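Q: As you go down the protein sequences, you meet chains L and Y in turn.
Residue numbers for the first sequence, in the working numbering: 1 to 215.
Residue numbers for the second sequence, in the working numbering: 1 to 216.
If you are wondering where the hints come from, they were derived from the structure by calculation, not from laboratory data.
Note that this is a predicted model, so its numbers are computed, not measured.
Simulated crosslink set (DSS-like; lysine-lysine; CA at most 27 Å straight-line):
#: 1; chain 1: Y; residue 1: 177; chain 2: Y; residue 2: 26
#: 2; chain 1: L; residue 1: 198; chain 2: Y; residue 2: 191
#: 3; chain 1: L; residue 1: 50; chain 2: Y; residue 2: 26
#: 4; chain 1: Y; residue 1: 191; chain 2: Y; residue 2: 208
#: 5; chain 1: L; residue 1: 198; chain 2: Y; residue 2: 208
#: 6; chain 1: L; residue 1: 128; chain 2: Y; residue 2: 177
#: 7; chain 1: Y; residue 1: 191; chain 2: L; residue 2: 181
#: 8; chain 1: Y; residue 1: 177; chain 2: Y; residue 2: 41
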Amino acid sequence: MSMRSQVYEWSNLQASSNQLRRTSTDQPVALTANREYDLFTGGVGNNITKPAETTATQFIVIEDIAASPVIGSAVQIRINTTDYFQNPDVTDMVGIPGLASPYPRGAPSTIDTTVVDSTSAGSENILKSFDLYPDVYVLPGQTFQILYTSRDGTTATTTQVVSCFLKYTLYDGPDALIANKLLELGVTINPNNVDWYKRSLIEQQQRSRVAGGQA
Amino acid sequence: MSMRSQVYEWDASRGTALTVATNLGKRTSIFVGGFGNNITKPAETTATEFVVIEDIAVTPSLGVHSAVAAGTEIRGLTTFTGSTGVAGVAGPRAYVQVRINTTDYFLDPDNIPNDGIPGSGSPYPRSINFQPSFNLYPDVYVLPGQVWDALVTYYNQGAFTNTTGNAVADELQCFVKYTLYDGPDALIANKLLEMGISINPGNVDWYKRSLLQAQA
Numbered sequence: 001m002s003m004r005s006q007v008y009e010w011s012n013l014q015a016s017s018n019q020l021r022r023t024s025t026d027q028p029v030a031l032t033a034n035r036e037y038d039l040f041t042g043g044v045g046n047n048i049t050k051p052a053e054t055t056a057t058q059f060i061v062i063e064d065i066a067a068s069p070v071i072g073s074a075v076q077i078r079i080n081t082t083d084y085f086q087n088p089d090v091t092d093m094v095g096i097p098g099l100a101s102p103y104p105r106g107a108p109s110t111i112d113t114t115v116v117d118s119t120s121a122g123s124e125n126i127l128k129s130f131d132l133y134p135d136v137y138v139l140p141g142q143t144f145q146i147l148y149t150s151r152d153g154t155t156a157t158t159t160q161v162v163s164c165f166l167k168y169t170l171y172d173g174p175d176a177l178i179a180n181k182l183l184e185l186g187v188t189i190n191p192n193n194v195d196w197y198k199r200s201l202i203e204q205q206q207r208s209r210v211a212g213g214q215a
Numbered sequence: 001m002s003m004r005s006q007v008y009e010w011d012a013s014r015g016t017a018l019t020v021a022t023n024l025g026k027r028t029s030i031f032v033g034g035f036g037n038n039i040t041k042p043a044e045t046t047a048t049e050f051v052v053i054e055d056i057a058v059t060p061s062l063g064v065h066s067a068v069a070a071g072t073e074i075r076g077l078t079t080f081t082g083s084t085g086v087a088g089v090a091g092p093r094a095y096v097q098v099r100i101n102t103t104d105y106f107l108d109p110d111n112i113p114n115d116g117i118p119g120s121g122s123p124y125p126r127s128i129n130f131q132p133s134f135n136l137y138p139d140v141y142v143l144p145g146q147v148w149d150a151l152v153t154y155y156n157q158g159a160f161t162n163t164t165g166n167a168v169a170d171e172l173q174c175f176v177k178y179t180l181y182d183g184p185d186a187l188i189a190n191k192l193l194e195m196g197i198s199i200n201p202g203n204v205d206w207y208k209r210s211l212l213q214a215q216a
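Okay, chain L solo, but in the shape it has when bound:
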């Protein structure tokens, strides 16, 4: 299992701050407008034990990021200290809007906080306008963060539950070496191309064996 499809889902639900696992007693927490929340170690919602990083024998390809299409949600990728999405004037931005890359796909984009029935959620179905292509590479030894920002924020008493979603492929061991090789060759890193590289190595070996036998 040296190439594995992985996902990470974050929500502003927690029973206590700096919580690692989801629990059945989680409740929504308020989000401050225009504040960046690190999905992995931000202290809000479900978190992991340490910042996300690749070891010397790992290679990560981020293939999709998405956020709830409400309260002005946006999601940014940070590799080491560099933000991936920038404004045309090369200034910082909040990242991909949830409206462009919604999670779940088909979710409503409007909420009415004045009603407490089924009409609170809008009736529209937001589909994705954005495809993360080319993918984002996290090279061996790099640290990465996924940062969620709500431009509208929520209040403690009437909180909207929002989620973020990350889909990536983890290449480990020999497959991470091949991923590095593909990067050097300028070939897109995906499972198909890693397999293609393996096949070409095998074919090369077979040819040299045949040539050796004929000599």
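Please arrange chain Y on chain L, whose structure you already have, making use of the hints.
A: Just chain Y now, with coordinates in the frame of chain L:
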């Protein structure tokens, strides 16, 4: 029929219905967990079988406004109904993990096993309201002689009609799609694995054709 497309659908309400409160936050095997429709023994491959899991999905959930009244149905999913539950979430907040022998497939970025694929990322059933964000690619291989399982975890007790009793139909479901390679095709699947080639019916057929061409 040596390559066969197979599916397994689990519904928590079938067979011995799932006791909502008892199983909350716990991993439940969809094959032999004792709740919902089950099979007679753990899922495993024989020496002449090879399984490729191509898709898994579970009942979706939707984040909503926390003030939405208990018991409100939004897009077919129920919000917080009882004295316990997660406010602001419509649906069971369910996840599904794949386990091969004793190893969990889905990990957090810190390499610790997580709950698996969220239903909102890979919903079952799919609808206009809930479309997949996740595609299980590369596929998951179950090699000959291995035991495999799909484990469902849910956290929102309030999404169930009877929060302390049994689950009812369609409240919590899981779906697995896999291809079973048997006999000679399982041998070819092993060969493709050795060669580092993705195992799918197209590549198995390609290998057969290349053997026939080599003989001709």
